[in-house]
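Peer 1: Heads up: the sequence shown begins at 7 in this note's numbering, then just goes up one per residue.
Calculated directly from the structure, the hints in this document are not laboratory data.
Just so it is clear, CB atoms sit at the ideal spot from N, CA and C, and this is done for glycine as well.
Any given hint could turn out to be false.
Stated by the list, open to error - Using C-beta positions, here's what the derived DEER-type ranges look like:
| hint | residue 1 | residue 2 | range |
| --- | --- | --- | --- |
| 1 | Pro145 | Asp97 | 37 to 43 angstroms |
| 2 | Gly131 | Arg28 | 15 to 21 angstroms |
| 3 | Arg86 | Ala141 | 34 to 40 angstroms |
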Amino acid sequence: MIPESDITGVAAALRDSIGLLRRRLRQVKAERGDGDLTLPESAALVRLDRGGPTTPSALARQEQISPQSMGATVAALEARRLVERQPDPHDGRRAVISVTEAGRQVLRDRRNAHTGLLAQALADGFTRAELDVLAAAAPLLERLAERL
Numbered sequence: 007m008i009p010e011s012d013i014t015g016v017a018a019a020l021r022d023s024i025g026l027l028r029r030r031l032r033q034v035k036a037e038r039g040d041g042d043l044t045l046p047e048s049a050a051l052v053r054l055d056r057g058g059p060t061t062p063s064a065l066a067r068q069e070q071i072s073p074q075s076m077g078a079t080v081a082a083l084e085a086r087r088l089v090e091r092q093p094d095p096h097d098g099r100r101a102v103i104s105v106t107e108a109g110r111q112v113l114r115d116r117r118n119a120h121t122g123l124l125a126q127a128l129a130d131g132f133t134r135a136e137l138d139v140l141a142a143a144a145p146l147l148e149r150l151a152e153r154l
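Assemble the whole structure, with the sequences as input and the hints as a guide.
Peer 2: Now the structure itself:
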């Protein structure tokens, strides 16, 4: 059995290091002028891309924001043609939103930019052994995220 203090220490270290990595990626992105989407817009676009078409109200529930806030977010994405609105095939009073090809391209570009930043940092300052450790940790981090 692993002592509770060891588990808590690992949890705290992961929280701190992952938080720092996320903040630094956002900071570098902002410095380069890649901040074309707001955080709510980005979150909604990613959720639609991963989860598929849904209604604005369902998306608001998933993102834990008000329907009015999600309405503004969806309207901004729609104005930029990153999402599209279609009548709900089961209930004509509702609309279903989905990611357009332009929206998917924005997401691909952002992911590629983040991957490039990480790859450059890894190439510049990590040994082969350290890269192997990070590669082994990646599926564990994913599994951890899925358990939250």
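Peer 1: Against this structure, judge whether each hint is valid.
Peer 2: Here is how each hint holds up against the structure:
| no. | hint | in the structure |
| --- | --- | --- |
| 1 | Pro145 with Asp97: 37 to 43 angstroms | holds (40 angstroms) |
| 2 | Gly131 with Arg28: 15 to 21 angstroms | holds (19 angstroms) |
| 3 | Arg86 with Ala141: 34 to 40 angstroms | holds (36 angstroms) |
Checked against the numbered hints above, the structure breaks none of them.
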